[in-house]
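Participant: Each chain, written out:
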Amino acid sequence: MHHAYIDKFAYQDSPIHRLDARVKFVITVVFTAVVISLPRTTVSILFCYAVGPFVVLVMGGIPLRFVLKHILYVSPFVLVLALTSPWYDRTAATIIFGPWIWHTTVGWMRCWSILGKFVVTMLALIALISTTRFANLLAGLQQLGVPRLLVIQMGFLYRYIFLLIDSAHHILRARAARSAGGVAFGRGAKFAAAMVGSLFVRSIDTAEHINSAMQARGFDGNWRTINRLQVRVVDYVFVAIAVSFILGLYLFVKPLLG
Amino acid sequence: MVKAIEVENFSYKYPDGTIALNGVTLDVEYGERLALIGPNGAGKSTLLLAITGFVRGTGRVVIDGMGITNGNLKKVRSRIGCCLENPEDQLFMPTLFDDVAFGPLNMGLDSQQVKQRVNLALAEVGLAGMAERAPHHLSAGQKRAAAIATVLSMSPKIITLDEPDGSLDPRNRDNLVKLLAGLSQTLVIATCNMDFAAAVSDKAAVIDGGRVIAAGPAEQIMSDSKLMTSHGLEVPRKFINGYSAA
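Protein chains in written order, with this note's numbering: chain A, -17 to 240; chain B, 9 to 254.
These aren't lab readings, by the way, just hints derived from the structure by calculation. As the structure is a prediction and not an experimental result, all values here were calculated from the model. One should not assume that every hint holds.
[As the list claims (entries may be wrong)] Label-pair restraints from in silico Cβ distances:
no.: 1; chain 1: A; residue 1: Ser185; chain 2: B; residue 2: Gly25; range: 24 to 32 Å
no.: 2; chain 1: A; residue 1: Phe173; chain 2: B; residue 2: Lys11; range: 52 to 60 Å
no.: 3; chain 1: B; residue 1: Ile221; chain 2: A; residue 2: Asn193; range: 28 to 36 Å
no.: 4; chain 1: A; residue 1: Phe36; chain 2: B; residue 2: Glu140; range: 50 to 58 Å
Heads up, the beta-carbon is just placed ideally off N, CA and C, and yes, glycines get one too.
In isolation and in its complexed conformation, chain A is listed as follows:
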């Protein structure tokens, strides 16, 4: 297993890590919804909103390099959307940020707004994932009323995605070991199809074994768990600070920045 990096910081200990998973999840959802609902041409306020998740990441001891790397991983999808905006709307516009003034177009403002919202919401999401154990997050989602079947599916996905990635790595390594000098495109495509098929069959096999393991331990179709989450005073304090920050920026700072 060489890729536990997906959740490696979730097992650290910090005041942020110790917060209740439900609280962190709800605050992240509210924060994301507010940031996304900001006007499409609003850019300056996004810098202020970025402070929130940034502080959480620093307090949680999450290296910023790790955060930036993961933002870059998913950025291509958003980049396509953002970079096409300047072509659609070339109306002249002015950005004022403190003493600085830029003359640009609405399209470019939208582009920066999309990128800014993406970065800020990704910061919040990474802060949530990196400071919350996935098991606690699943338990929290279940407590918050997310359908049990969906929570179970996510649990299995989290548990077995690592094994699936491992299997794919092994197959790719086996191919590399026997393909000196590279492989032609046609054969490469054929191999990719065979690999997907092999992984599919292995997944079915694993699912059957897991089903046996569950039945052997008395599973009868009813998923039973113990709730071990607990909301403490510090969680209420965190909610108060987070809500004040999110609403304060929205109600008082945004009108000033325009």
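Please build the complex by placing chain B on the supplied structure of chain A, with the hints as guidance.
Facilitator: Then chain B, alone, in the frame of chain A:
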């Protein structure tokens, strides 16, 4: 007198018609540690599946005095725990706690009892204090021990283990031998590793071609070099005359 496991003239065919088990008859007394030994494809794993009610063929399988039927499967499985060959299949929950608690919760125990059983089971396999770890963060030896804990927490009378020593290094294998030696349950262990079988069992059954070829005291069976070699096995070092572990 009731025995832990009674298998009488049991036969099973795979859906493609291949005979996996052919008239198997085998008894295991309470507290015995039976090693099912045989070459690859002999039918050891299938016999374990038959004992735990996962494959149903012709003949009789009686566990703790109960013949396996569709109606009593849940009751049978509360008395016989099974550890699958691959611990990754056994550990399917996001944390070790949830995995070890899975069985007791399905038995209808309250949360206090479940927590108590989880802590006891983890302590018994040497994983105390690791309840919140995710299974993919455990080593191969720890995964094997955790898989056994998932069964121990249900307090079964009998435990079956399919190739429990697979992919373990010598140190982890020694730890597993010590762990199994400390268990009070009736054990049925399928393995191809003769040294391991000799270390953990007091009774052995040689299986080949879906049949029980011989069964008896472990030393008597495993020191019979003619019997062992004729079925693709070897005499464990422990039973080789003049061999000294030192």
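Participant: If you check each hint against the structure, which ones fail?
Facilitator: Hint 4 contradicted; others consistent.
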